[in-house]
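Visitor: So you can see what is in the structure, the chains are spelled out below.
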Amino acid sequence: MRHALSIRIGPVGFRIGSDWRAPIDQLAALYRDYPVPDVADFTVRLFAARAWRRVIRPSVTIGGDYMLPDAAPLPLAHGLLAGEMAMNLQLALGYRRHLLLHASVVERDGRAIVMTGESGAGKSTLATLLASRGWRFMGDEFALLDPETGLVHAFPRLISLKNAGIAAAAAAWPDGRFGPSLPDTPKGDIRHLVPPAAAIARMDEPAMPALLLFPRHGVAADTRDVGASEAFVRLTQASTNYVALGEAGFRALTGLVRGVPARAIDYPDGDAAIAAVEALWAGL
Amino acid sequence: MGRAVTDARLLVTALVDPSGLRLDTDWTALIAIARAEQLIGTLAHRLDGLPVPETVAMLLADARDAAEQGRRTALWEAEMARRALAVTDTPVVLLKGTAYVAAGLLAGRGRSIGDLDILVPRGRIDRVEAALIAAGWEWVKPDPYDDDYYRRWMHELPPMIHRERDRMIDVHHTILPLTARQTPDAAALIDRAVPLNDGLSVLCPADMIVHAATHLFADGDLAGGLRNLWDIHCLIDEFGTGGLADRAAHHGLLPAVARAARLAHQLYRTDVPQQWRADAPTDALFRRRLLARDGWGRSTRPVTRLAFYIRSHWLRMPPAMLARHLWIKWRRN
Amino acid sequence: MRYRAPEAAALISTDLAPFTALFDRRSGITHILASPAPEILAALTEPMTIDMLLAVLAREYDLADPDPAALAVRLDELVASGLVATT
Chain D
26 MRHALSIRIG PVGFRIGSDW RAPIDQLAAL YRDYPVPDVA DFTVRLFAAR AWRRVIRPSV
86 TIGGDYMLPD AAPLPLAHGL LAGEMAMNLQ LALGYRRHLL LHASVVERDG RAIVMTGESG
146 AGKSTLATLL ASRGWRFMGD EFALLDPETG LVHAFPRLIS LKNAGIAAAA AAWPDGRFGP
206 SLPDTPKGDI RHLVPPAAAI ARMDEPAMPA LLLFPRHGVA ADTRDVGASE AFVRLTQAST
266 NYVALGEAGF RALTGLVRGV PARAIDYPDG DAAIAAVEAL WAGL
Chain B
681 MGRAVTDARL LVTALVDPSG LRLDTDWTAL IAIARAEQLI GTLAHRLDGL PVPETVAMLL
741 ADARDAAEQG RRTALWEAEM ARRALAVTDT PVVLLKGTAY VAAGLLAGRG RSIGDLDILV
801 PRGRIDRVEA ALIAAGWEWV KPDPYDDDYY RRWMHELPPM IHRERDRMID VHHTILPLTA
861 RQTPDAAALI DRAVPLNDGL SVLCPADMIV HAATHLFADG DLAGGLRNLW DIHCLIDEFG
921 TGGLADRAAH HGLLPAVARA ARLAHQLYRT DVPQQWRADA PTDALFRRRL LARDGWGRST
981 RPVTRLAFYI RSHWLRMPPA MLARHLWIKW RRN
Chain F
6 MRYRAPEAAA LISTDLAPFT ALFDRRSGIT HILASPAPEI LAALTEPMTI DMLLAVLARE
66 YDLADPDPAA LAVRLDELVA SGLVATT
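Chains as they are written, first to last, in my numbering: chain D, 26 to 309; chain B, 681 to 1013; chain F, 6 to 92.
Watch out, some of these pointers could steer you wrong.
[Unchecked claim] Among the chain D residues that face chain F by a calculated CB cut under 7 Å, a handful are:
(1) A253
(2) S254
(3) F257
(4) A273
(5) F275
(6) T279
[What the hints assert, rightly or not] Listed next, the stretches of chain F that the computed footprint assigns to chain D, with coverage defined by at least 3 CB atoms under 8 Å from CB atoms of chain D:
(7) 17-27
(8) 31-38
[Said to hold, decoys possible] Ranges between beta-carbon positions, derived for each pair:
(9) V696/B to P286/D: 51 to 61 Å
(10) D697/B to A195/D: 49 to 59 Å
(11) L965/B to P211/D: 41 to 51 Å
(12) T174/D to T980/B: 40 to 50 Å
(13) A189/D to L965/B: 56 to 66 Å
(14) P199/D to I17/F: 42 to 52 Å
Rather than coming from a laboratory, the hints here were simulated on the basis of the structure. C-beta atoms are modelled at their ideal positions from N, C-alpha and C, and glycine is treated no differently.
Let the sequences and hints guide you as you build the complete structure.
Guide: Shown next, in the form of structure tokens:
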């Protein structure tokens, strides 16, 4: 492939190839402080499905070791997003070294909060805000749970902020390095934020999960307990490789929900969210 | 690192002579090709215990685990089909990957397995269909044209999927479409099947090789060909070729089996009898198609691929039907 | 017809009150079960007819008015899930 880049994010190395230069240049700029893997775990390809698609209304089809049939291509202007989605896809379909949970993670004193919820529930924004208040950022898309040790490993890729979350993050990180504005994607307006330097420097330090959170933003403040059964079922739904991991996945997840308290928090805004989190943390 | 990897020869060499791989091999390309060809589990077994870089060792261990998981899922699916079909008093013959793992064959080591494929007598097909539906399987596609075409001409029921487990089953009544030029002896396949436990069987070794060769050449467009050919290599390695030519001739499928044996010998150095050691004129074209994968895992050689796609349809259907079928498919897309 | 549960070694059971999470090693499937499903599985120490099973459950759990129809429904669910086989 004409243009290529290799990067390592936490325990996962990617080889990214592209028919166009622009997405590679953007990824290289934003990931400039990340290590380079020796042998990549996954190959990602951003390609033109038909030769003329490289030039006329160029559109980027996502491919790699693991692919979805009939995936809709993205316009070249959203090539950076395509690259991020492609890396997520390889992980979601092919990764099995750790149990994957769709969650954001922050850490303090070696202990981690794992925040899980549907797309748009606010877990990326919440993790970003907490990271600006002294928490170490470990990731906003995937929590990597080690079935042997129960530790959660960091996967601090570019933070994917959507719509109102973009302004909130910009306010919390006035000196943050942001990627280009990507308006009108299928998920709304998107902008990527490079994780703080500490997050990148410490990406190989795992942490012990101490709190499971189910956050929901934009509603009246409320905190409630979540039982182990409910947490278990919601987490299996939030995992792309639970089934593939078999017995190890079962032990990892039952261990997690039995060993770690789970809470649902609803909050009207970022400040309320942070207050709720700090209160829960202090009460552990 | 040397020149870009432009075909799948790197994978073939690794499978045939794994201890000959150098530490400065282009591992990323090798893994990308193996994954694209559904051979990563097989490669992982061939390289088990050999010195490789640490990341590669972890990826290959993952691949072995994934294959083991796949094996368990496939065997469970076979068990659930057995339970559902016990009431129909029908011989149920497992085919392809599930058969290889159920019988503990070399061909099953590290193999990726997709759907469950079974063979039943044509006369029992309605009973089998009813029993599967009663046990929670349902049709995948509700398209009436495809359904009609399937029932009249294909060698299998339209695809079904289990409602709860989300796994597909393909129920065959012979091993080639009824519109194909050859008509294998389906009753003989079932007649010579080898029982496992509790009502499931697998084809006898010679028939397994015939089926694999048939599937590779006469039925498909050679996509996934390296894996199918590796199955054939393993089957010949395990069972030899005694009685194979006669059995293939009985089914009218000797040319496919002969070509499979030649190509397995040419690529995988399979130990085959003398008459299958010489190159036939078009073997080079088949090798070209089989090896059409680059170091990024992309399918290459589009003209060759298209030629094989058209050829595979030509083999399945009489020309007038083919024209109609492709026309309707094109209009629908 | 008799109903048969898997051998104990085939299952990993974890209490996640009020439910039981069950991992079936044979299939790789995780089941979330509510009473009386775990109790039914535990009672099937050997292949039993529905009447035999009802008698065991009535005795073990001191049931006032054991309902064979309700038990049949639960058993059908367990059969469909693959946890119970029939012989």
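Visitor: Look at each hint and say if it fits the structure.
Guide: Structure-based check of all given hints:
1. With 7 Å as the threshold, the beta carbon of A253/D comes within range of chain F, its nearest partner Cβ sitting at about 4 Å, so the hint holds.
2. With 7 Å as the threshold, the beta carbon of S254/D comes within range of chain F, its nearest partner Cβ sitting at about 4 Å, so the hint holds.
3. Given hint, F257/D at the interface with chain F, holds; its Cβ is 5 Å from that chain's nearest Cβ, closer than 7 Å.
4. Below 7 Å, beta-carbon pairs count as interface contacts, and A273/D has none with chain F, the closest being about 10 Å; its hint is therefore violated.
5. Here the hint on F275/D is kept, as its CB sits about 4 Å from the closest CB of chain F, short of 7 Å.
6. A hinted interface residue such as T279/D counts as satisfied when its beta carbon comes closer than 7 Å to some beta carbon of chain F; here the least separation is about 4 Å, so the hint holds.
7. Counting residues of the region 17-27 of chain F whose CB lies closer than 8 Å to any CB of chain D gives 7, so the stated coverage by that chain holds, three being the minimum.
8. Only residues whose beta carbon comes within less than 8 Å of a beta carbon in chain D count, and the region 31-38 of chain F has 3; three or more means the coverage holds.
9. V696/B and P286/D have their C-beta atoms about 55 Å apart, which keeps the hinted 51 to 61 Å range intact.
10. One distance hint, 49 to 59 Å for the beta-carbon pair D697/B and A195/D, holds here, with the actual separation near 57 Å.
11. About 43 Å separates the C-beta atoms of L965/B and P211/D, a value consistent with the hinted range of 41 to 51 Å.
12. In this structure the supplied range 40 to 50 Å holds for T174/D paired with T980/B, their Cβ-Cβ distance being about 43 Å.
13. Checking the proposed 56 to 66 Å range against A189/D and L965/B shows it holds: the Cβ atoms sit about 59 Å from each other.
14. Our hint of 42 to 52 Å for P199/D and I17/F holds, since their Cβ atoms are close to 51 Å apart.
Hint compliance for this structure: hint 4 alone is broken.
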